[in-house]
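**Student:** This is what each chain is made of:
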Amino acid sequence: MKRIFLDHAATTPAHPEVVKAMLPYFTGAFGNPSSIYSYGQEAKVAVEKVRAKVAGFIGAKSEEVIFTGGGTEADNFALKGIALANEHKGNHIITTSIEHHAVIETCKFLERRGGFKVTYLPVDGYGLVDPQEVKKAITNKTILVSVMNANNEIGTIQPIDEISKYVKEAGILFHTDAVQTVGHIPVNVDELGIDLLSISAHKLYGPKGVGALYIRKGTRISPFVHGGEQERGRRAGTENVPGIVGLSKAIELARQEMGEEAKRLACLRDRLIQGLLENLDHVHLNGHPFRRLPNNVNVSVDFVEGESMLLNLDLENICASTGSACSSSSLEPSHVLRALGLPPEQAHGSLRFTLGRENTADEVDLVVEVLSRIVTRLRAMSPLFKNSRVAK
Amino acid sequence: MRDGPARYSEKVMEHFKNPRNVGEIENPDGVGQVGNPVCGDIMELYIRVKDGIITEAKFKTFGCGAAIATSSMVTEMVKGKSIEEALKISNRAVAEALGGLPSVKMHCSVLAEEALKSALEDYLSKSKR
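Those protein sequence lines, which keep their order, are chains A and B.
Note that my numbering gives residue 1651 to position 153 of the first sequence, counting from 1, and the numbers run on in steps of one.
Note that my numbering gives residue 82 to position 72 of the second sequence, counting from 1, and the numbers run on in steps of one.
None of these hints come from the bench; they were simulated from the model.
Residues from chain A shown here face chain B by an in silico Cβ test under 7 Å; the list is partial:
#1 GLU1805
#2 SER1806
#3 SER1822
#4 PRO1842
#5 GLU1843
#6 HIS1846
#7 PRO1881
All residues carry an ideal CB built from backbone N, CA and C; glycine is no exception.
So here's chain A without its partners, still in its complex pose:
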């Protein structure tokens, strides 16, 4: 049976063109960009060429892009780097309660070990941050605001440009985790009004283990990795040349295909949402009805638990994900769904489907059919379902 992969927010397969572009840099052009002989210089030229391409895609200058080991590292770099370099100005950071753990856990680390104070702003029922709340949270000690461009679980797209006005007014640095948006919807650092932006290659059909951090020129930031002059001394270590080339190729492909693909995915997304809501009772859409990533579907299915749905989907070769605690080692359900105000049983019954370039309308219809069958079966063994029927 063919596998139906609907977990593109977790990762994407590398595009064949990406792999093709990377291959020469493993063997023939394997040089270290720091070496002065021609092998090395070839690699250096390749890295600088693709740096310009990555920068151009988000409206930045070449020297404003630092390659990293992925999106999580870019988030860590942004937060720790800004905090350390600006602690003489203040010790307050503002973020949101629905950030990726790469941001939330880094903030907690800075609170525990760095004497920083962090405000975790609430969101509304759709997962939106209120720009006024950001404005209100700013103090004369605030040095950084970090709000994700779009949420990885529920797909809600934040009003980054509106938030930016207040942040810039106060002369504060603004970071956004754009791991879910770059390569999927237009992202321009000047239009968004941000100073730092995190990118991950494997979320846009590039390779794993490589990403980038955009740092606006003139931003005071501490180096993240020490031990060499690579990446302007801010992120030492021999460059992941094949990975960097792969990221750039993925971005080149996204530049060509993104517009059409986003429209196609949004149609599939709406087809899936509609199919689920029409074929199953007691199903709720999580996240915003239209300020939403074109590929994200997140629903809560009442009376059943997420992991048991995932396992059943997996048995039918369908890959999805859940915010239920039962699929993780912690016993807490998703912090994002809880921040939306979902009762725990609905957070436990959540399913996320994130579409990608290989998915078709037929696959979407099949998923609706298969899931309906699974849910009916699981509800038949759920004590909650029985109680709800008695209650009516």
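Given the structure of chain A, go ahead and fit chain B onto it with the hints provided.
**Tutor:** Frame of chain A; chain B shown alone:
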């Protein structure tokens, strides 16, 4: 977002795919309900007892794959056992019968043991009256 489920043994998957004894018993001799929605697991266990022997056991469970599999297994294990024997069934025994559980899922076997104990206690308190 959390990634895929923990790796389960074949036995767990077999019970998850084909759970035994799903449902309720009308006018049961003992009922146990444990867990809560906050933790994401709720188990209901029903038993029928005749001459001190458990003749029938059924369950309804809201929970993950391990919760469903442990519910299924515990209902299989108690059938034909005396109350005294059933009281001795531990969560470890349930987990072992399933070929082991991932450590993060051991709490599901605890829930199964508690559901059983709770059903047995219900039976004992009723039969005292």
